[in-house]
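Chain by chain, the residues:
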Amino acid sequence: MPVIQVQNLKKYYKVHQKEPGLSGSIRSLFSRKYYDAKAVDGVSFDIGEGELVGFIGPNGAGKTTTLKVLSGLLYPTSGTVSVLGFTPWDRKPEFQKQFSLVMGQKNQLWWDLPAMESFILNKEIYEVPDAQFKQTLDELVELLEVKDFLKVQVRKLSLGQRMKMELIAALIHSPRILFLDEPTIGLDVVMQKKMRDFIKEYNQRFNSTIILTSHYMDDVKELCERVIIIDKGRLLFDGALAEIIKKFANHKLLTAVFSEEVNREDLEKIGQVKEFDYPRAVISVKRTVASQAAAQLLQNFPVADLNIEEPQIEDIIREVFTGKDLA
Amino acid sequence: MRRYFRLLYFLAKNNLAREFEFRSYLVIRWLTDLIWVALQLILIVVFFSFSPQILGWNRYEIFMFTGLFRVIKGVFDTFARRNIHYLPENINRGDLDYALTRPVNSLFLMSFRYHALGETSSVVSGFIIFIWAFSQLGSGIGLIQIVSLLVLIITGVIILYCLVLGFAILSFFTTRLTALSSYYEVLSNTLRFPTDIYHRYHPLLDVILLPLVFAVTFPTKIFLNRLPAAFLFLQILAAAITLFLVYRFWHFALRHYSSASS
Ligand SMILES: Nc1ncnc2c1ncn2[C@@H]1O[C@H](COP(=O)(O)OP(=O)(O)OP(=O)(O)O)[C@@H](O)[C@H]1O
Ligand SMILES: [Mg+2]
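In order, the protein sequences belong to chains A and B.
Under the numbering used here, think of the first position of the first sequence as 1, with each following residue one higher.
Under the numbering used here, think of the first position of the second sequence as 1, with each following residue one higher.
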């Protein structure tokens, strides 16, 4: 039984079209033109308990919008959503006590106070019993290594330290479902790695269901077995990370090292030359003819070493995002 | 209900810690308020040097009115004003997001998050003026009067809160609502005097001002027994109905909340 069910979800924003300049402003006073920004345009997926799903797509794909609908902030234009059996935008307290939304670009902590005060307030808001509060807090503080910063005013924390505090504030009521919208944004690689480790650990330890968006492929590669890709509000892919290669990569990469000088033009006959830097060359060829191409290469060129590889997942996703043909 | 008082207590605690950093501001706020009160009182004394009664109010009754006005406005200013002042901007910039995910009434959170402790000066001075003027009138005070005073203050605050909030909620429907502060300015300047002074001009004006009478004028008159006791129930009813309507308006308007990109 999935804990999150989304069926044909659409969210169109009504955007008021304003022409530039003063005359445009005056004109729009009298006749306002609206158009629909189709942020989410017919998306469906199910997510089971304990899954950690990567939700990716280029800027403006509709990721944040989807998470906001799942959190009940926004009413959808159409479609049905069920999270833990609730309709999110009914905003039932029983539902709200069971999930948390973290937005990397927004903060919920009290700026002028130590983070601890925000945790205490959240404890009250979520009606967390004293003992549970203490235990959860101790656990999180230890996992995230922030013991020394609990009494420091939030505005004096570094971005990384603050993000950890944001996570604690979001997790203090032990939510079953976690929506993480770019939790690693702006962090350095070391801190990103720590965040990732934490998210993974949290998911495994508490069997919480997590949807994670990120523009850092490392986050997704390391954390998510399953990935949902959306673009322009539409679902492009939903499945295992490895499946992306099968589905979108209809080519393979031949990496050859030559023992003698070869001609670039000759290599082009075999496939698309991606890199050519003597003695090494990378040639992209259609999957179906990869072995023939390799044989051809061995026959006709002074090859010292040859490798057949799948393309990098980053490259595939980048190409999917830019809408390029993947030959 | 108890839960919300508890939350208010924790919010107040946080605000107290926060504002303690701006102690000097608090002191200045209290001092300027003191000067302001003195000027207002002098003005009243001057007015009443011309006539012992103005529109049926004597000097002490006007003092009591002024005291009550300060208490009611002060409570509103302390707990809610700042939040409602920023509401249009919050709506515009999508800052309701976190409040809407909480298992607490979102209107409560958005209304009482930040407090302005400097405004308590107005509550304190208002009370002092009120009690002093009342003692000058020479009538004793009993338990019933204390309770009804409390009810009158609470209902007055509710009415004022609804009058300001109702206007602020309009910003869900417009992209910019810059008129809010001038609206509040006009509103509080109008409430500064008993609404009696406006009654004689035009019936239409009376209709427009009708909700305003419940903010300070009726509470004062009810306390002074210048209106029949039944008006206490009318007052409670008016506050309840207004609060209900504004509450419904809020939930209706939330459907138009579109957050903000990013
Ligand atoms: N409040 C809003 N009003 C109008 N349009 C909006 C609003 N929020 C988002 N949009 C539009 O909807 C589309 C999807 O936005 P969304 O924020 O969901 O994308 P995203 O996938 O989260 O992008 P990013 O990776 O940049 O965060 C964008 O074209 C955006 O301009
Ligand atoms: Mg986003």
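Take the hints with a grain of salt, since some may be wrong.
Said to hold, decoys possible - With a Cα cut of at most 30 Å, we get these calculated DSS-like pairs of lysine-lysine:
#1 B:13 to A:194
#2 A:92 to A:38
#3 B:13 to A:147
#4 B:13 to A:134
#5 A:106 to A:38
#6 A:97 to B:13
Because the hints were derived from the structure by calculation, they are not lab data.
Task: Satisfaction of hint between residue 38 of chain A and residue 92 of chain A, Cα-Cα up to 30 Å - done: holds (27 Å)
Task: 30 Å limit on alpha-carbon distance, applied to hinted pair residue 13 of chain B and residue 134 of chain A - done: holds (20 Å)
Open item on the list: Run the distance test for residue 106 of chain A versus residue 38 of chain A: straight-line Cα separation, threshold 30 Å.
Closed with: holds (23 Å)
TODO: Given the hint that residue 97 of chain A pairs with residue 13 of chain B, test it: the Cα-Cα distance must not exceed 30 Å.
DONE: holds (23 Å)
Task: Holds or violated: residue 13 of chain B to residue 147 of chain A, with C-alpha atoms at most 30 Å apart - done: Roughly 23 Å between the alpha carbons, so the hint for residue 13 of chain B and residue 147 of chain A holds.
TODO: Below or equal to 30 Å on CA atoms is what counts here, so check residue 13 of chain B against residue 194 of chain A.
DONE: Violated: residue 13 of chain B and residue 194 of chain A sit about 33 Å apart, past 30 Å.
In the structure shown, a violation is registered for the earlier hint numbered 1 alone.
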